[in-house]
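J.: Take a look at the letters that make up each chain.
Protein chains: 2
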Amino acid sequence: MSKTGYEPTERTVPSRSRDRISYDQDLVHSILDEAYVCHLGFVRGGKPIVLPTLYGRIGERLYVHASTGSGQARSADPGLEVCLTVTHVDGLVLARSAFHHSLNYRSVVVLGTAHRVTDPEELHDALNALVDQVVPGRSQDSRPANAKELAATAVLRLDLTEVSAKVRTGGPNDDPADLGLPHWTGVVPLSTVYGSPIPAETLAPDVALPDYLTAL
Amino acid sequence: MSKTGYEPTERTVPSRSRDRISYDQDLVHSILDEAYVCHLGFVRGGKPIVLPTLYGRIGERLYVHASTGSGQARSADPGLEVCLTVTHVDGLVLARSAFHHSLNYRSVVVLGTAHRVTDPEELHDALNALVDQVVPGRSQDSRPANAKELAATAVLRLDLTEVSAKVRTGGPNDDPADLGLPHWTGVVPLSTVYGSPIPAETLAPDVALPDYLTAL
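Chains as they are written, first to last, in the working numbering: chain D, 1015 to 1230; chain R, 1015 to 1230.
Keep in mind the hints are simulated off the structure, nothing from the lab. One or more hints might be untrue.
Here are the simulated SDA-like cross-link-like pairs (lysine to any residue), alpha carbons at most 20 Å apart as the crow flies [said to hold, decoys possible]:
1) D:K1061 / R:T1026
2) R:K1061 / D:T1026
3) R:K1180 / R:H1102
4) R:K1180 / R:E1048
5) R:K1061 / D:E1095
6) R:K1180 / R:G1019
7) D:K1162 / R:D1192
8) D:K1162 / R:S1031
9) D:K1162 / R:L1193
10) R:K1162 / D:A1191
11) D:K1180 / D:N1118
12) R:K1061 / D:R1130
13) R:K1162 / D:L1193
14) D:K1061 / R:R1058
15) D:K1162 / R:D1189
16) R:K1180 / R:R1034
17) R:K1061 / D:D1173
18) D:K1180 / R:T1067
19) R:K1061 / R:E1095
20) D:K1061 / R:I1063
21) R:K1061 / D:L1174
22) D:K1061 / R:T1023
23) D:K1061 / R:D1091
24) D:K1180 / D:P1022
25) D:K1061 / R:T1127
Estimated spans, in silico, between C-beta atoms of each pair [as the list claims (entries may be wrong)]:
26) D:T1216 / R:A1222: 45 to 53 Å
27) D:T1183 / R:T1228: 18 to 26 Å
28) D:G1209 / R:A1161: 41 to 49 Å
29) D:T1206 / R:S1044: 15 to 23 Å
30) R:P1158 / D:S1031: 18 to 26 Å
31) R:P1190 / D:P1224: 19 to 27 Å
32) R:R1025 / D:S1210: 36 to 44 Å
33) D:D1189 / R:G1093: 27 to 35 Å
34) D:S1044 / R:D1033: 30 to 38 Å
35) R:P1190 / D:T1018: 45 to 53 Å
Where a beta carbon is used, it is the ideal one built from N, C-alpha and C, also for glycine.
All chains, full assembly: derive it from the sequences and hints.
T.: As structure tokens, then:
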């Protein structure tokens, strides 16, 4: 891996749409940091399983949440082959032809072997990263995990080595022969917005909304 | 499968959080119909691959888009074992303890064997469903695929038989011992919003925005 990008591998060079692929480190990080769930794929009994999963990033390491009782955690003791994918849908692309309909999106695919985190200090940092993925800074404004909770939580680590990003932006790619067709064509942008925070019923009235939430 | 729900199987009964699982057909359909991409998992060389993929639904059949040149399409000729997962993130759940941080979400996991669609009529309907997943009704307001495009498009079919939904709603589940802690606690709702449609540069000025887009 260079300072600015990931080395392409046989598995991260796509067979098509090569103009949309990127190995840029900053782009990969930004896509990963903006999402709340990844889709974690692994193989069980020879068949694929894909589950939405909480995760967090520290530098070139991703940390994925699992329960100690789950199949992923048990399988990860010797190392679990995974594919971790994160996708943002940024727009609906309406072409004049059905064939050229598409989405604008940004996605990251991370391939590799996930290992269970056992070092207490790394586990502590990883759990903070998982909380900070939900709201940056939140780990410093909540009670840290106690011994019982640590024992009930498995965290898997996946290093960012075999990584690619894929991005589609812009308008529809209509065929020249279709330009005269009467159908509306263009892009409908999509974005994620935050609603007003809803305090828990048990929240004492003197606890103010923290700055990191008003900033959202 | 009953009229209202899917039969649980060994693979769709979770080892934990059983209170969040559902096999309700209407719930599954609503989660599937609201999303724009699924995350499609399959096994290649013994290892998992998860790719964001366009899809559409007709009744109890899902149709997944693939290129004829892609590995998925080639593998699907005899039948490809897949896991198709769709997730909506509805809120950030901030508990007083790091451990109880979570997300509100709705997800569907579909397991099964995907087969390449070869029947011309089914392929036609499936392509319409893929376009209508982007914008309902749009397939009737665009040029249908021609022979060359049909030859370049592979569609895989996955029947809704081994299916489960998982839903988390509501506020944080703080431990009673934590209720006196000074941290703000509650939920930050998330939603997806549509921006103003951006016409393609090539759009003739006399083409009005169609009703199905103003309705968004």
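J.: So, for every hint listed, does it hold in this structure?
T.: Evaluated hints:
no.: 1; hint: D:K1061 / R:T1026; result: 13 Å, holds
no.: 2; hint: R:K1061 / D:T1026; result: 13 Å, holds
no.: 3; hint: R:K1180 / R:H1102; result: 11 Å, holds
no.: 4; hint: R:K1180 / R:E1048; result: 15 Å, holds
no.: 5; hint: R:K1061 / D:E1095; result: 6 Å, holds
no.: 6; hint: R:K1180 / R:G1019; result: 14 Å, holds
no.: 7; hint: D:K1162 / R:D1192; result: 14 Å, holds
no.: 8; hint: D:K1162 / R:S1031; result: 18 Å, holds
no.: 9; hint: D:K1162 / R:L1193; result: 18 Å, holds
no.: 10; hint: R:K1162 / D:A1191; result: 14 Å, holds
no.: 11; hint: D:K1180 / D:N1118; result: 10 Å, holds
no.: 12; hint: R:K1061 / D:R1130; result: 18 Å, holds
no.: 13; hint: R:K1162 / D:L1193; result: 18 Å, holds
no.: 14; hint: D:K1061 / R:R1058; result: 10 Å, holds
no.: 15; hint: D:K1162 / R:D1189; result: 13 Å, holds
no.: 16; hint: R:K1180 / R:R1034; result: 5 Å, holds
no.: 17; hint: R:K1061 / D:D1173; result: 16 Å, holds
no.: 18; hint: D:K1180 / R:T1067; result: 12 Å, holds
no.: 19; hint: R:K1061 / R:E1095; result: 13 Å, holds
no.: 20; hint: D:K1061 / R:I1063; result: 11 Å, holds
no.: 21; hint: R:K1061 / D:L1174; result: 17 Å, holds
no.: 22; hint: D:K1061 / R:T1023; result: 15 Å, holds
no.: 23; hint: D:K1061 / R:D1091; result: 17 Å, holds
no.: 24; hint: D:K1180 / D:P1022; result: 13 Å, holds
no.: 25; hint: D:K1061 / R:T1127; result: 10 Å, holds
no.: 26; hint: D:T1216 / R:A1222: 45 to 53 Å; result: 52 Å, holds
no.: 27; hint: D:T1183 / R:T1228: 18 to 26 Å; result: 24 Å, holds
no.: 28; hint: D:G1209 / R:A1161: 41 to 49 Å; result: 48 Å, holds
no.: 29; hint: D:T1206 / R:S1044: 15 to 23 Å; result: 19 Å, holds
no.: 30; hint: R:P1158 / D:S1031: 18 to 26 Å; result: 23 Å, holds
no.: 31; hint: R:P1190 / D:P1224: 19 to 27 Å; result: 23 Å, holds
no.: 32; hint: R:R1025 / D:S1210: 36 to 44 Å; result: 39 Å, holds
no.: 33; hint: D:D1189 / R:G1093: 27 to 35 Å; result: 33 Å, holds
no.: 34; hint: D:S1044 / R:D1033: 30 to 38 Å; result: 36 Å, holds
no.: 35; hint: R:P1190 / D:T1018: 45 to 53 Å; result: 50 Å, holds
Hint compliance for this structure: every hint is met.
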